[in-house]
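> Okay, here's what each chain looks like letter by letter:
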Amino acid sequence: MLEMFYVGFTQILALKPLILIFLGVGVGIIFGAIPGLTATMAVALCLPLTFGMHPVDGMALLIGLYIGGVSGGLISAILIKIPGTPSSIATTFDGYPMAEKGEAGRALGAGIFYSFLGGTFSFLVLFFIAPPLADIALKFGPPEYFSIAIFSLTLIASLSTGSTIKGLMSGIVGILLSCVGTAPIDAFPRFTFGFRELDGGFNLLPALVGLFAITEILKTAESDIEIKLENIANYKIKGFGFSAKEFVEQLGNFIRSSLIGTGIGILPGIGGGTSNILSYIAAKKMSKHPEKFGTGILDGVVASETANNASIGGALVPLLAMGIPGDTVTAMLLGGLMIHGLSPGPLLFTTSGNIVYGIFAALIVANFVMVLMEYFGIRFFVRLLKIPKHIMLPIIIVFCVVGAYGLNNRVFDAWSVMLFGVIGYAFEKWGFPLAPVILGFILGPIAETNLRRGLMMTQGNFLPFLTKPVSGAFLVIALASVIYSVIKERKRAKG
Amino acid sequence: MRVDTRKRDLYLGIGFLLFSFGVWIASLSIKHLVVARISSSFVPQLAAIILAVLSIILILQSVFGAPKSSAETEPIADQEGQSASKRKRRVQLTFLLILFYLLLLEPVGFLITTALYLFFQFWVLSRRKPNLALYGIIAVSTSVIIYYLFVKVFILFLPAGILG
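So the protein lines, in turn, are chains A and B. Quick note on numbering: the first sequence equals residues 1 to 495 in the numbering used here. Quick note on numbering: the second sequence equals residues 1 to 164 in the numbering used here.
FYI, nobody ran anything at the bench for these hints, they're computed from the structure. All C-beta atoms, glycine included, are put in the ideal place defined by N, C-alpha and C. Careful: at least some of the hints might be erroneous.
[What the hints assert, rightly or not] Partial list, derived from the structure: chain B residues whose beta carbon lies under 7 Å from chain A:
#1 Asp4
#2 Ile30
#3 Ser40
#4 Val43
#5 Gln45
#6 Leu46
#7 Ala115
#8 Leu116
#9 Gln121
#10 Phe122
#11 Leu156
[To be verified] Label-pair restraints from in silico Cβ distances:
#12 B:Gly22 / A:Ala187: 18 to 26 Å
#13 A:Glu197 / B:Gly22: 28 to 36 Å
#14 A:His289 / B:Arg128: 17 to 25 Å
#15 B:Pro107 / A:Lys491: 33 to 41 Å
#16 A:Gly294 / B:Pro107: 29 to 37 Å
#17 B:His32 / A:Gly141: 38 to 46 Å
#18 B:Gly15 / A:Gly52: 36 to 44 Å
#19 A:Lys491 / B:Ile137: 55 to 63 Å
#20 A:Lys101 / B:Gly15: 48 to 56 Å
#21 A:Gly294 / B:Gly22: 47 to 55 Å
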């Protein structure tokens, strides 16, 4: 393993990948800090840039964007009480009260430092869990992959915000959208209605850009909120804002939040957006002074910022070991790898080990770069918060169109961006969550291909899907998670 | 102007039910090509059935459900009717602008269409008094910078249109 790390670092510690990591982290922090722009969007918009690059260079850029995107959210969460991304929602609970007390610098310093620590923790977990997990996954056949895909789908649908029924419906719509185009196994063109452009189906990139970026601009067109300059809290960072004694005090909180963050990250479909809130709640419950939470104490910021970065390493575990994305950003990374002809999954470790360890090295380097940039560049990022949204969002739309067009050099993909944008906007208005749509879109084909392959192996017998231990277990958990969330919802509706 | 979420969910349920019927009918034309237990029509049809069942549950929930169950998921609270209609118009105009942008992108070319799109989009989204001269400068320079950045640095192809 050590020599593989050596190979990884020699690839990353060259001029080009380093520049790309700096670029990625910087742009990522900007996207993270500006409310409405997320890490997913940053990765989606920059994905087309990686088409012409060497896979390791491309991944270096995307990893930088991912880490920057998750870490940038704390800036606006602490300084203007608006979480820059869903990953920093819980950071506002104590981060902004700290800023009001004149401790903005302390909150920022601790947030940055614990983002780094949380990330590092989860990367270590990734390095030790992913290779053996890939070894186990090598023995998986179609039934196991089918069941894991179904499990992931039900999990995201039932854990997403709002009603379980709507979450499941979103997931199904995603599966149906993925059915458009050439079917797996027998290559029959489905739902193309005679349009040749639809033969290849919808591309993942336009789908993601449409659902998340276009939806966002339409929502902005509708809202009346604007960031006012005077709302930005005063801040001054000195050191990391906490003493050695406080560090020891936060140790338990840090370990718990890291575990929650990494665990949530590993679960398919949910990531930093969920883990920061769960870890904040856990920190409050376990605390000796829960009443102080929300008044501006360090514990809250530490819990939230540790957990959201810890989800990064977690989310990469199922992606690299099994080819199943852990959240929407890793879904984009999946697309990024596939464009270079690399299919993430257990075989990746044996066939392209150098790229896997290149990614590992990029994670470590990008994490250091994130601390440096956020710590020393904070004034610059804060200034960017002042760019009016009505100038910034249209420019982002142009980037969306360029990216979608550059995919295949055809306007058709730009049209699909638009289609998915309209779907996304409508779904938001109707109270349907968007993440299940994209997960259904990605996992639908994985489930279908493996179902049909599996049935061919078993001569059309469904029973082995249930009787094989791993496959059966995942299907049972999938069913249980739906039943559990329906019961929970009924209780909530009554109570 | 409060949206009644239960009524909305009722219509949505009916809409998705009809949609799942449509999917089912469209999937009937998928042919059974290989000798196997299930063909390419299996997953779409199964998805259509599940969607239909979920739609019926949604309809039943909205008719018989506790009145408050879904009210909390309504995120938008409208204060004034006038600003609401203004917002609606901004969304419609934004939508139209993107539509025209895509339509004209190939025939007219990236540089001109992008500059025009940006200019009008800035205008539509601006909340205060629009500064048209500034918008024009930003629109043109952004369009030029993006074009050269992508075509020269990242070697992506963009439609040159009438300038090509």
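> The hint says 33 to 41 Å between proline 107 (chain B) and lysine 491 (chain A); measuring C-beta to C-beta, is that right?
Roughly 58 Å apart at Cβ, these two residues miss the hinted range, so it is violated.
> Look at the Cβ atoms of glycine 22 (chain B) and alanine 187 (chain A) and judge whether their distance stays inside 18 to 26 Å.
holds (24 Å)
> Quick one, is the alanine 115 (chain B) hint okay against chain A at 7 Å, beta carbons?
Violated, about 10 Å.
> Determine whether the Cβ-Cβ distance between glycine 294 (chain A) and proline 107 (chain B) falls within the hinted range of 29 to 37 Å.
For glycine 294 (chain A) and proline 107 (chain B) the Cβ distance comes to about 57 Å; the hint is violated.
> Let me know if the C-beta of glutamine 45 (chain B) comes in closer than 7 Å to any C-beta of chain A, holds or violated.
Since chain A brings no Cβ nearer than about 10 Å to glutamine 45 (chain B), farther than 7 Å, the hint is violated.
> Does the Cβ-Cβ separation between lysine 101 (chain A) and glycine 15 (chain B) fall within 48 to 56 Å?
This hint holds: roughly 50 Å between Cβ atoms.
> With respect to the beta-carbon atoms only, verify the hint that lysine 491 (chain A) and isoleucine 137 (chain B) lie 55 to 63 Å apart.
Roughly 58 Å apart at Cβ, these two residues keep to the hinted range, so it holds.
> Hint says 38 to 46 Å; check whether the CB-CB distance for histidine 32 (chain B) and glycine 141 (chain A) agrees.
violated (24 Å)
> So, phenylalanine 122 (chain B) near chain A? Judge it on the closest CB pair being under 7 Å.
holds (6 Å)
> Using 7 Å as the Cβ threshold, decide whether leucine 46 (chain B) counts as touching chain A.
This interface hint is violated because 9 Å lies over the 7 Å limit.
> Hey, does the isoleucine 30 (chain B) contact hint survive, CB to chain A under 7 Å?
OK, holds: isoleucine 30 (chain B) within 7 Å of chain A, min 6 Å.
> Mind checking the CB of aspartate 4 (chain B) against every CB in chain A and telling me if the closest is under 7 Å?
Since the shortest Cβ distance to chain A is 13 Å, the answer is violated.
Hints 1, 5, 6, 7, 8, 13, 14, 15, 16, 17 from the earlier list are contradicted by this structure; the remaining hints agree with it.
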